[in-house]
Amino acid sequence: MERSHSLRAWSQADAARALRRPTGADDKYSRGVLGMRTGSEAYPGAAVLGVEAAWRTGLGMVRYLGPEHPTALVLARRPETVTADGRVQAWVIGSGTDAAVRTESDTAALRGLLSDTDPVVVDAGALDLAAEATAPRILTPHDREHARLRAALGLGHTPTDRVVAARETAAATGAVVLLKGAVTVVAAPDGWAATVEAGTPWLATAGTGDVLAGVIGALVAGAMAHDQTADAASLAALAASGAWLHGRAGAIAAAGAGSTAGGPASPGGGPITALDVAEALPRVVAEALAA
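So this note's numbering is basically just the index in the sequence shown, starting at one, shifted up by 778.
Among the clues, some could well be false.
Restraint ranges, calculated between C-beta atoms of paired labels, are given here [to be verified]:
no., residue 1, residue 2, range
1, A820, R926, 17 to 27 Å
2, A1069, S883, 15 to 25 Å
3, G934, E858, 38 to 48 Å
4, D805, G969, 35 to 45 Å
5, T912, A1069, 30 to 40 Å
Everything labelled a hint here was simulated from the structure, so no lab data went into it.
If you're wondering where the values come from, they're calculated on a predicted model, not measured in any experiment.
Ideal Cβ positions, reconstructed from N, Cα and C, are used throughout, including at glycine.
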């Protein structure tokens, strides 16, 4: 059945459908296992932020595979993280990495994941490998990364209409495209698209994209653990849900930052960091489940 190509705004009710409350029959594997190859010696914090976000979105296990320094930081922040290779149901790759300095062994490892069957959230320094991949994929570029990706694909000038641009890129790559911005656009290869309003302009700060990748990865791993298919329609809905949860977490964090002791909160909130957003995720997940 062909899906409607009309544009829809993603809501809390939509995002709630991507969540699942664990039961007494669950174990860490049935709740989802996410593998992450993120961070670098130059940008180790990206690994910490993505891992933190994945844990706080709710899943059974995070396996982090990365360089020595980011690994040490991840374990210092989240000692429950597993740093040995093994079974996973989805991957997040590329956050906090730079394709220009990637080693041949790293490239080979990423290409291996991108040619396998597990779904992959492809961010930042791995986007250059996305076009030639065959694995189910969610690409998460910002506007500048999107323009570079389109140039590499030979798509030419990026249309001013971001929905049109994202749809074109999704069709050309066969992947879901999540185009980050004040209004995030999610497009599937068949032309389906949705928009997600950012929870607050305070989200425009370093590291929040790494948090977003972790949120989406957690949702995908959880869905795959319950035998959801990794088709583009399912991945597009999970990507949009991750963007909604991320935006809501940013709004909650900003509202908290704008509160003053004994006085009313500032209507516009206050400045936040990416870690603040990750720490607000459990409340957002609980709200969505309750609703």
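Evaluation of the provided hints:
Take A820 and R926: their Cβ atoms lie about 19 Å apart, and the range 17 to 27 Å holds. Checked against the given bound of 15 to 25 Å, the beta carbons of A1069 and S883, roughly 46 Å apart, lie outside it. A hinted range of 38 to 48 Å for the beta carbons of G934 and E858 is consistent with their spacing of about 46 Å. Here the CB-CB span from D805 to G969 is close to 39 Å, well matched to the stated 35 to 45 Å.
At about 37 Å, the beta-carbon gap between T912 and A1069 stays in the expected band of 30 to 40 Å.
Going down the numbered hints, you'll see the structure goes against just number 2.
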